Amino acid sequence: MPKVPDEMQLLVDKHVRYIQSLDTRKDELEYWLTEHLRLNGLYWGLTALHLLRHADALPRKELLDFVFSCLHESGGFGAAPGHDAHMLYTVSGVQLLATLDAFDDLEARVQGGRQKIGKFIAGLQDPQTGTFAGDEWGEQDTRFLYGALNALSLMGLLHLVDVDKAVQHVHACANFDGGYGTSPGAESHSGQVFTCLGALTIAGRLDLVDQEKLGAWLSERQLKNGGLNGRPEKKEDVCYSWWVMSSMAMLDRLHWIDGDKLTSFILQCQDPELGGLADRPGDMVDVFHTVFGIAGLSLLKYPGLDEVDPVYCMPRSVTRRCLGK
Amino acid sequence: MALNFICGWLSAIFCSPIRLLHALLPRLFAGAPSTSFVEASPNSKETRMPKFYHDDEAWADIEPLAQDDGGMHPLAAIAYTEEYSEAMGYLRAVMAQSEFSERVLELTEHIISMNPAHYTVWLYRAKVTSEIGRSLQDEIAWLNPTALKHLKNYQIWHHRQTIINALGSPEGEPEFISTMLEQDSKNYHVWSYRQWLVKRFDLFDKPEELTWTDNMIQDDVRNNSAWNHRYYLVAGRGGKLRAEIADREIEYTKAAIRKAPQNQSPWNYISGIVRVAQLPKSTLKDFALEFADVQTPEEVYSSHALDILADIYSEEENSKESAEKALDLLATKYDPIRANYWNFRKGLLEQPTA
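Sequence lines, in order, name chains A and B. Those letters in the first sequence? Residues -5 to 319, per this note's numbering, in order. Those letters in the second sequence? Residues 83 to 436, per this note's numbering, in order.
Source of the hints: derived by calculation from the structure; they are not laboratory data. Check the hints yourself; a few may be wrong.
Within a straight-line C-alpha distance of at most 25 Å, the following computed DMTMM-like cross-link-like pairs (lysine to aspartate or glutamate) qualify [what the hints assert, rightly or not]: (1) K288(B) <-> D329(B); (2) K415(B) <-> E432(B); (3) K322(B) <-> D204(A); (4) K255(A) <-> D417(B); (5) K229(A) <-> D296(B); (6) K415(B) <-> E227(A); (7) K415(B) <-> D252(A); (8) K229(A) <-> D417(B); (9) K268(B) <-> D277(A); (10) K228(A) <-> D417(B); (11) K207(A) <-> E397(B); (12) K207(A) <-> D410(B).
If you're wondering where the values come from, they're calculated on a predicted model, not measured in any experiment.
Construct the entire structure; sequences and hints are all you get.
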């Protein structure tokens, strides 16, 4: 077999060390300025490590201590201790617990913990429209709707919400070009396509999707350099490797893009010295692009990676355990 | 330099989150030696003195509350970090005693200027605004420059929406939106907010709205956000499109396509209009032939025209061969990166039509 050029190899050990280093930078200002993303960040880092087959690279007990320190009496999670509860962090909290196989730990620390979290999420559904708000403040977005179905299904609590109504709302967000936006009529965007398709997949209602039209729109996101963009006439970005490809995987149409070119694009976004992936070659890395780049490679069947679940962006082995399928 | 945990779902979906910090950091980092970030933005010229509360008499009655995260309190290494963590300590303290006052309003402003993505601060600010009966116009006047400084921030837009909704008038908003779009003509938050305004104040049929959208398209015919907004105005209320509106839109779009034939947005738009007006696909046949003809495969000016022709031919009685040719051209010559998709479409030609 011919030697693969360096830039075509995934630098697994460097990425593991990069992720491990993230929590040791407390003397840097960004660490504190990004506190409102901490729980998301842990989910991104831990998921990346699992896909890289280094699941134990972060200490389980400390992770759990931190996750529980973000849990409010209301059943919602904040981004960090002292931050208000919000849907986005609650989803990350549940995903972390699922990945760490820690629902029993949750019950041991908080009696009826799962039910509490489920009730918090269910309380954010708008009974009129079926969509979800992010917090008591009321901003609504299909991201929150997807997050709700994601977390509830992982806990086996989908029955707490009106799934049919949520499905109707997602359906109302379908656009003339085949894509989906944040709310009815809002511009199609690959990130929102992911959330809408994810919600419909969890609800078992992909029959509502014009799959051929949407598949064509998604495949049009690939640019000549192999990278994917989020909307027409926008630049490529590694995170869209995930939003676009996971959507195509849910539609079983991954083969409509050129996987070799995309693989090569993602690998070029690695920092060969310190590890991590950036949005595009030569830019600064961060944990967000790191996980979505690696998850994208997993969908592309890059060797040596664990299988990712396109609906949840979690290891397939974890979702299989939680969902029993 | 590694940026840890910076990119939220929040900003993540819609932008490269790194730029969110670019907008935010230079001001904070002005003068900080340990960073390579400083040159990133025009704002970096703006230096200001850090503000502290411990020696401010107006705050003497407040004991700042430390972050309760299990006792890990690394000493801040940079002066600006101290400023930020001190301000947060005072915020936690006033939140704990539910204080709503002018000074708290100023405190939230200070923290937002350092970290606009901190959603808890916005939430508390909204409460303060309402509890002390602050003038909503004043709040908007404060929000305008704040939004311009932080283009990709979510919280600002929700805050704005709440206030304009309470004010009950969109006056001044179009002008503000134009200023925002001068910074980034495809900013998703701004366009979503514009749609909210249209719906909230029923501006669908207001001539100025369509004229403004036309101007945005004239400025950049490849602005997909502008095309989407046009569709929202024209067809966003649902139902079959009236024939004269459909004709007007089809002619408008044809002119735009003739300017730039290889441009996805107007092709998507024109197909959407044909569909919602319940016209046959063949309505666009002669027009598509202006840009592509399977008889002259060397002279194709738009892959989108070929795509539409393939679709039209596949529905015609004896044109299967032409449809195949169009799809072959796409798969091999004009859009080979998606060869598998075009070949899939070719496969569909073999199936009996339902």
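Here is what the structure says about each hint:
Taken as a hint, the K288(B) and D329(B) pair is honoured in the structure, with Cα atoms around 19 Å apart against an allowance of 25 Å. Only pairs whose Cα atoms come within 25 Å are accepted, and K415(B) paired with E432(B) is accepted, the gap being roughly 22 Å. Pair hint K322(B) plus D204(A) holds up; C-alpha atoms about 19 Å apart against a cutoff of 25 Å. For the hint pairing K255(A) with D417(B), the CA-to-CA distance comes to about 14 Å; that is within 25 Å, so the pair holds.
This hinted pair checks out: K229(A) and D296(B) have alpha carbons roughly 24 Å apart, not beyond 25 Å. Using a Cα cut-off of 25 Å, the hinted pair K415(B) and E227(A) holds, with the two alpha carbons roughly 21 Å apart. Between K415(B) and D252(A) the alpha-carbon distance is near 15 Å, which keeps this suggested pair within the 25 Å criterion. Taking the CA atoms of K229(A) and D417(B), the gap is near 18 Å; set against the 25 Å cutoff, the hint holds.
Using a Cα cut-off of 25 Å, the hinted pair K268(B) and D277(A) holds, with the two alpha carbons roughly 22 Å apart. The suggested pairing of K228(A) with D417(B) holds, with an alpha-carbon distance near 18 Å, which does not exceed 25 Å. Of the supplied pair hints, the one linking K207(A) and E397(B) holds, its CA atoms being roughly 17 Å apart against a limit of 25 Å. Restraint check for K207(A) and D410(B): satisfied, since their Cα atoms lie roughly 19 Å apart, inside the 25 Å limit.
In this structure, every one of the numbered hints holds.
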